[in-house]
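Numbering follows my numbering, with no gaps: position 57 of the sequence shown is 83.
What the hints contain is simulated information worked out from the structure, not anything from laboratory work. Small disclaimer: the values here were computed from a predicted structure and weren't measured. Mixed in with the good hints there might be a few duds.
Label pairs and their computed distance ranges (CB to CB) [said to hold, decoys possible]:
1) 79 x 158: 39 to 49 Å
2) 155 x 110: 46 to 56 Å
3) 63 x 148: 28 to 38 Å
4) 110 x 145: 23 to 33 Å
5) 72 x 158: 45 to 55 Å
6) 148 x 27: 20 to 30 Å
7) 95 x 132: 29 to 39 Å
8) 104 x 134: 22 to 32 Å
9) 76 x 155: 45 to 55 Å
10) 51 x 141: 43 to 53 Å
11) 148 x 41: 14 to 24 Å
12) 41 x 152: 20 to 30 Å
All residues carry an ideal CB built from backbone N, CA and C; glycine is no exception.
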Amino acid sequence: MIGIIVVGHINFSSGLRSAVEAIAGEQSCVEYIDFIPGMSTEQLEIHIRQAVEKCQTGEGVLVFTDVAGGSPCNRATAVMSDYSDMRVITGSNLPMIANACLERDATNLDELASLIVELGHHSIGLIDINNFVTEDKPNDMNDGL
Numbered sequence: 027m028i029g030i031i032v033v034g035h036i037n038f039s040s041g042l043r044s045a046v047e048a049i050a051g052e053q054s055c056v057e058y059i060d061f062i063p064g065m066s067t068e069q070l071e072i073h074i075r076q077a078v079e080k081c082q083t084g085e086g087v088l089v090f091t092d093v094a095g096g097s098p099c100n101r102a103t104a105v106m107s108d109y110s111d112m113r114v115i116t117g118s119n120l121p122m123i124a125n126a127c128l129e130r131d132a133t134n135l136d137e138l139a140s141l142i143v144e145l146g147h148h149s150i151g152l153i154d155i156n157n158f159v160t161e162d163k164p165n166d167m168n169d170g171l
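All chains, please: the whole structure from these sequences, using the hints.
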């Protein structure tokens, strides 16, 4: 099983945890790290290293961060330099993380990372109300996850 770590500013990770678990259920080998005010980047890196060790199953670790160039991404990248079986994805969102949890047993680390980045690109878009509601087309906006 590929380990998963979610790390981001303030409550990015803990906020996503509840949503991911609502979609994918409670997951083993998944760690969530919030970079909270007062935490140093050195402390953040220690938390990331501990999470990597905890999530190591021999199949690699995929780390999701909130924003490129931010401290969580930079510290995860620093940790990645010590692990050949670790990948970091930045600009993460709920569909990416939930799908990684659901797909991680069926693929390898590099394939999962590529799949999730592609899914991330496709999960972002602009909704044009004119494409959903017209006089001759029913409104199908009642259902969701």
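Evaluated hints:
1. 79 x 158: 39 to 49 Å: holds (47 Å)
2. 155 x 110: 46 to 56 Å: Since the Cβ atoms of residue 155 and residue 110 sit about 48 Å apart, the hinted range of 46 to 56 Å holds.
3. 63 x 148: 28 to 38 Å: holds (34 Å)
4. 110 x 145: 23 to 33 Å: holds (24 Å)
5. 72 x 158: 45 to 55 Å: With a Cβ separation near 47 Å, residue 72 and residue 158 satisfy 45 to 55 Å, so the hint holds.
6. 148 x 27: 20 to 30 Å: Taking Cβ atoms as reference, residue 148 and residue 27 lie about 25 Å apart, which means the hint holds.
7. 95 x 132: 29 to 39 Å: 32 Å Cβ-Cβ, so the 29 to 39 Å window holds.
8. 104 x 134: 22 to 32 Å: holds (24 Å)
9. 76 x 155: 45 to 55 Å: Taking Cβ atoms as reference, residue 76 and residue 155 lie about 46 Å apart, which means the hint holds.
10. 51 x 141: 43 to 53 Å: violated (20 Å)
11. 148 x 41: 14 to 24 Å: Given range 14 to 24 Å: holds, Cβ gap about 22 Å.
12. 41 x 152: 20 to 30 Å: holds (23 Å)
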